[in-house]
Amino acid sequence: MVDMSVKIGSVTLQNPIMPASGCFSTDLAQVIDLNRLGALVAKTVSREFRAGNPPPRVSEVEGGMINSIGLPTKGIEYFLSHQVPDYKRFSPPLVGSISATTIEDFEAMARDVSTSAIDVLEVNISCPTRDPKGGNFALHEEHTFNVMRRIRQTTDKPIWCKLSPNAGDVVAIAKSAELAGADALVVSNTILGLKIDINTFRPAIGNKFGGLSGPGIKPIIVRMVYQCAKAVKIPIIGCGGIVKLEDVIEYMLAGASAVMIGYLIFRNPSGIIAIIDGLQEWCAKRGFARVADLTGAMIDEAPRETYAAAAAPIG
Amino acid sequence: MVDMSVKIGSVTLQNPIMPASGCFSTDLAQVIDLNRLGALVAKTVSREFRAGNPPPRVSEVEGGMINSIGLPTKGIEYFLSHQVPDYKRFSPPLVGSISATTIEDFEAMARDVSTSAIDVLEVNISCPTRDPKGGNFALHEEHTFNVMRRIRQTTDKPIWCKLSPNAGDVVAIAKSAELAGADALVVSNTILGLKIDINTFRPAIGNKFGGLSGPGIKPIIVRMVYQCAKAVKIPIIGCGGIVKLEDVIEYMLAGASAVMIGYLIFRNPSGIIAIIDGLQEWCAKRGFARVADLTGAMIDEAPRETYAAAAAPIG
Amino acid sequence: MAHRPFASAPYVVGKGAPALAPTHIPAEESLCPVVSHDWINSEYKHLVVDASPKALAVKPGQFFNLLCPSPDAAELWLRRPQSVYRIDRENRRIEFLYKCVGRGTFGLATLEPGDELNMVGPLGVGFAIDRRWKHIVVLGRGVGLATLAPISQLAGECGIGVTAILSARSAEFVMADDLFGKVGDVIAVLDSDATSAVEHVEAILKRLIAQRQADAFYTCGSNRLLQLMKRLGKAHGIPGQVAMEQVMACGLGPCYVCVRTFEVDGKKELRRVCIDGPVFDLQEAVGW
Amino acid sequence: MAHRPFASAPYVVGKGAPALAPTHIPAEESLCPVVSHDWINSEYKHLVVDASPKALAVKPGQFFNLLCPSPDAAELWLRRPQSVYRIDRENRRIEFLYKCVGRGTFGLATLEPGDELNMVGPLGVGFAIDRRWKHIVVLGRGVGLATLAPISQLAGECGIGVTAILSARSAEFVMADDLFGKVGDVIAVLDSDATSAVEHVEAILKRLIAQRQADAFYTCGSNRLLQLMKRLGKAHGIPGQVAMEQVMACGLGPCYVCVRTFEVDGKKELRRVCIDGPVFDLQEAVGW
Ligand SMILES: Cc1cc2nc3c(=O)[nH]c(=O)nc-3n(C[C@H](O)[C@H](O)[C@H](O)COP(=O)(O)OP(=O)(O)OC[C@H]3O[C@@H](n4cnc5c(N)ncnc54)[C@H](O)[C@@H]3O)c2cc1C
Ligand SMILES: Cc1cc2nc3c(=O)[nH]c(=O)nc-3n(C[C@H](O)[C@H](O)[C@H](O)COP(=O)(O)OP(=O)(O)OC[C@H]3O[C@@H](n4cnc5c(N)ncnc54)[C@H](O)[C@@H]3O)c2cc1C
Ligand SMILES: Cc1cc2nc3c(=O)[nH]c(=O)nc-3n(C[C@H](O)[C@H](O)[C@H](O)COP(=O)(O)O)c2cc1C
Ligand SMILES: Cc1cc2nc3c(=O)[nH]c(=O)nc-3n(C[C@H](O)[C@H](O)[C@H](O)COP(=O)(O)O)c2cc1C
Ligand code: FES
Ligand code: FES
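Sequence lines, in order, name chains Y, U, W and H. This note's numbering applies: residue 567 is where the first sequence begins, and numbers increase by one. This note's numbering applies: residue 567 is where the second sequence begins, and numbers increase by one. This note's numbering applies: residue 8 is where the third sequence begins, and numbers increase by one. This note's numbering applies: residue 8 is where the fourth sequence begins, and numbers increase by one.
Calculated directly from the structure, the hints in this document are not laboratory data. Honestly, I wouldn't trust all of these hints.
What the hints assert, rightly or not - 27 Å max Cα-Cα, derived BS3-like pairs, lysine-lysine:
no.: 1; chain 1: U; residue 1: LYS741; chain 2: U; residue 2: LYS654
no.: 2; chain 1: W; residue 1: LYS213; chain 2: W; residue 2: LYS189
no.: 3; chain 1: H; residue 1: LYS275; chain 2: H; residue 2: LYS237
no.: 4; chain 1: U; residue 1: LYS640; chain 2: H; residue 2: LYS274
no.: 5; chain 1: U; residue 1: LYS654; chain 2: U; residue 2: LYS573
no.: 6; chain 1: U; residue 1: LYS640; chain 2: H; residue 2: LYS189
no.: 7; chain 1: Y; residue 1: LYS640; chain 2: W; residue 2: LYS213
no.: 8; chain 1: H; residue 1: LYS141; chain 2: H; residue 2: LYS106
no.: 9; chain 1: H; residue 1: LYS237; chain 2: H; residue 2: LYS141
no.: 10; chain 1: Y; residue 1: LYS640; chain 2: W; residue 2: LYS274
no.: 11; chain 1: W; residue 1: LYS66; chain 2: W; residue 2: LYS52
no.: 12; chain 1: H; residue 1: LYS241; chain 2: H; residue 2: LYS52
As the list claims (entries may be wrong) - Some residues of chain Y that are not near chain W, with every Cβ distance over 12 Å (derived):
no.: 13; residue: PHE711
no.: 14; residue: ARG715
no.: 15; residue: ASP859
These numbers were taken from a predicted model, which means no experiment stands behind them. Using N, Cα and C, we set each Cβ at its ideal position, and we do this for glycine too.
Extracted from the complex, chain Y is given alone in its bound form (with noise of 0.2 Å):
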């Protein structure tokens, strides 16, 4: 039998996989059993009702969709009086998951949502569509060590900091959130891009830009996981393109404890519970009794000299 568990600081998940915040909701109950899942996610929630942005919300592109949904939300009296109760109908520990635009709010959106129904708080400082100044905190170190500081001295829960990369650096904004006191790096949110319709000359969706999200960003987002899990100590849930079990081992591979999926619930919604029973499959075969084993395990020595790598066999 192998052991699916993996902890994240002092939270314990039956199994490494959970749903992506915004991407995740009860109503996914229509489709899978949501006790199966490492962990319930939250929509974002932010302090007032929020409309969110113009339709069309998301446009398909390349790798995957572009989305600039604008967060909408009833707010955080909805959340805690509606929304939580009912999420405790399942087993699952629940993230919940706060934006603010000032660090003053965050502080009290930290304070407010940590009520004894929420199990880890995530602190979504990286909703691409937004400025510094409106809530993505994430793209500057002082911004980030700041906001998490606050938070970190307001709330006993953990507290895990979701990154965006579109960070020039993000190893840096990983450190400044681990000295900041986070539990745990969730890399990370969405990518900003945009796609013009070229019969109508105008943005695909209706605030213009959008985030992507899907297959195509994975490679950028693998990569950020292992530059900030050799950076920093605490766990990093990778977050960015999985729609399968080896898109889940390559991020385990680059250091992940955890993941979290998004576009491939709206891809193949049973995809997720599939993914986790082929992971326990796939430790069996391979010979892992745990599947933390995993994070961490690329093999990660120095390259090879290139006359005698380009005189090797193939594969």
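Given the coordinates of chain Y, assemble chains U, W and H with the ligands onto it according to the supplied hints.
Relative to chain Y, chains U, W and H with the ligands alone:
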């Protein structure tokens, strides 16, 4: 008749379609008529011979491919004495691409490559597998400014600065390059990625990290072209993931004056010619007398109000 | 084969395979064999699939989110919603009628009998009917005719009369007339002979109201016709429903991609077409 | 259809279409209809296509870079090189023999007669033969047998005798024996009966050298066999050629992806398999 010519500063191209550096050589004359191209863009050359990186040098990934070729070169002397004359068998302007690890060497390279046979100097400060001290100046504003300034002071040739999408704030780098005197910007080089082979647990390519190119990066680079075009006055050359006519139009609508094509040459070598023909037909059909009129023609209005947009007919 | 681009099974239900998802889960991702797939005019195809037991529980107005094959060498990333056109419980089949408009539907059109279609569903809220009603009016256009079609089944089961006003560019594009013909009257209104003009349709509706043949209104497929039915419904106190469309991603509720504007007591709000609908109260809908 | 994922024509030469690229351009991207496509054992398929005039000019040892269909729902991004197995000038056909090992070749295997295969070629430097030679020795293994096979045509045309030593796991995987059988002797050496051991092959080669039946050596498909031929070739002053493989991207020369190490006068250098090869001097090759 559609006027297919475009002006990039003082250089006029017969059409806006160029190959991308490193994906092109006169060897392409095996399959296409090189005299049809907007320009010939040579592989990046550095002063000394470089063997390049250990194979495997490429791997397929989700949105295209990653590569780490390692800028192999026979060095500047061979380039000037053998390769340049070979390019001069063909009529389009010749763009020479240079790389160096220090500002001093960049300056000397710019001087030495500025022969009468070279029409444009492309400055490759953005090879993703190099660090800023190793030639990837394009991650920092000051580095970019300093190197481009020195090159500007050294040569009278038009200089095109090739940016890196790995920079966090590509617009700031674009402005630095403009301020330093660049005649045009190439947006952009590849995005740093990693693929791990889940059978061998090793990186899929010999040098571990590789640059991502191909269709998957298009939404990201189109966004950067749009952002840069809004911020600078010099022409932008779009580069990243172009595989069809529609992609060229999208880049031009976003603000590109011309484009460069890499990956497609591997996928459909005749495609680059097909795109030139297709673009002319498309302009004729859509009533554009000059292809240059497409540049920046995206209709750029404020997003609609959410409730109104969500009540409007689709499409 | 070593490489699997997408996670498959175990909850994807194939032909003859048992449903592995717990039974309290109402919808599923299932692989349904194509039985037949024919062009019914120059733009629309009629698709019949063998349905899994959960899929077969679909109700009129509900939809499936279909994984369409790619029509070309490039991937197709999102599913495409299609409402059920006919539910053939006897033969355990589900039918779709769809218009080929873009990559998704062109890709869907490549499926041949024997191929498997990956469907997620049944999803959403279907049409409601009140057994006390005697006669209802259905008014649709374009792809809306496909969505409205199973109301004929619903009405038939309840023994309620139907007048179906089917609007189309020309006679070629009048669809679902056979289904409605079995349970009621069909009135085709066409652009080609100008009978589809709003004033003309309004006259028909007014006549039906006068004849007390309009206990409820149903519409789909045209903003113009929605506004007409809304106005007459309001004026005459006739309840109604509209089936909405919107671009979707998940089709299940979480992503908030498919929002449409509704208005209740002068207050606008956004609702999700995939889970709050696709069928909504006629008076609350703002625009189609 | 509105969406075209990849630029097509005009320089893609289809069935019967004239070559639009200027005639001085030696290779081309062409669409060649599949004539037949059969499994010849559990791992290898034999593919026959109708060739365009330029493609038909292919020489033994040259290759085509093939755009393989995807074997699954995800895109396949790079072409796959395959050397020509047989050139059927009479019927204007080109044949390939390939091993199914990964996504590209699994995808290729899905092509059916009548489908079109997008090929770029002919590419690279083929085998050279000296008309003064009387008898040559060909030694290959695995996919190398497919690459070496057209030497039988070359030798046949020049009236040169051939001994082909074909190494394989078992009798099932001995290939090209029919082609070589027509122009010379075939010696199959197998893992299954241990005849493929280097010492045994070495003994055969030495015998052929002794019998003056080894005017030149040709090899492909195994590093072990390359080193053996290199050693004996050097010792006995026998010229030789080796066909190399390397992962490719462009297949045309610019990208420097396909480099292999060669050694001349003790100095190592990198050469591109796609344009400097795939056929190289035996003594200069370092490893296969
Ligand atoms: C609940 C629901 C039920 C539907 N039922 C039917 C049906 O029974 N028969 C039928 O023919 N069509 C139906 N549609 C519409 C169908 O989903 C779209 O025509 C289809 O998704 C277009 O995909 P495409 O890739 O072919 O076109 P695209 O290239 O994506 O788009 C072509 C055009 O269709 C519009 N479009 C794209 N996605 C949608 C969407 N999800 N809904 C509506 N329009 C869209 C685009 O804006 C564009 O104008 C339904 C839509 C919904 C939301
Ligand atoms: C000039 C040339 C001629 C060739 N001729 C033949 C032939 O006639 N018959 C035949 O069966 N094969 C031939 N090959 C090998 C063939 O190209 C590979 O088997 C094929 O590309 C593998 O693709 P794949 O997607 O199926 O496998 P992948 O999943 O890409 O790889 C499977 C295995 O094949 C290796 N491989 C990948 N690409 C290549 C490559 N370009 N060359 C060699 N190995 C590779 C990989 O490293 C891996 O070990 C030739 C290769 C070259 C370079
Ligand atoms: C429609 C959509 C909505 C999203 N909403 C949120 C959100 O509310 N909060 C958040 O932190 N991330 C959000 N994301 C980002 C995802 O959580 C995830 O980081 C990203 O999509 C990359 O993963 P994927 O490629 O598996 O989708 C959203 C993504 C999508 C596609
Ligand atoms: C194999 C390969 C080699 C490359 N070599 C160079 C190079 O030498 N100099 C350079 O400026 N860019 C180089 N590039 C980057 C391309 O010029 C181009 O910027 C990038 O591939 C994005 O375009 P594409 O998606 O059309 O390929 C190389 C790219 C590839 C794939
Ligand atoms: S499509 Fe995702 S909520 Fe409706
Ligand atoms: S494959 Fe590009 S140079 Fe050989």
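Here's how the hints hold up against the structure:
1. U:LYS741 <-> U:LYS654: Outside the cut-off at roughly 33 Å; violated.
2. W:LYS213 <-> W:LYS189: holds (24 Å)
3. H:LYS275 <-> H:LYS237: It holds: about 16 Å lies between the C-alpha atoms, which stays within 27 Å.
4. U:LYS640 <-> H:LYS274: holds (15 Å)
5. U:LYS654 <-> U:LYS573: At roughly 21 Å apart (the allowed maximum being 27 Å), LYS573 (chain U) and LYS654 (chain U) satisfy the hint.
6. U:LYS640 <-> H:LYS189: Violated. LYS640 (chain U) to LYS189 (chain H) sits at ~46 Å, over the 27 Å cutoff.
7. Y:LYS640 <-> W:LYS213: Not satisfied, since the Cα-Cα distance of roughly 41 Å exceeds 27 Å.
8. H:LYS141 <-> H:LYS106: violated (32 Å)
9. H:LYS237 <-> H:LYS141: holds (20 Å)
10. Y:LYS640 <-> W:LYS274: At roughly 15 Å apart (the allowed maximum being 27 Å), LYS274 (chain W) and LYS640 (chain Y) satisfy the hint.
11. W:LYS66 <-> W:LYS52: Holds, at roughly 21 Å.
12. H:LYS241 <-> H:LYS52: violated (36 Å)
13. PHE711: Nearest chain W Cβ is 31 Å from PHE711 (chain Y), so the label holds.
14. ARG715: It holds; ARG715 (chain Y) is separated from chain W by about 31 Å at its closest Cβ, greater than 12 Å.
15. ASP859: Non-interface label stands for ASP859 (chain Y): nearest chain W Cβ at 22 Å, farther than 12 Å.
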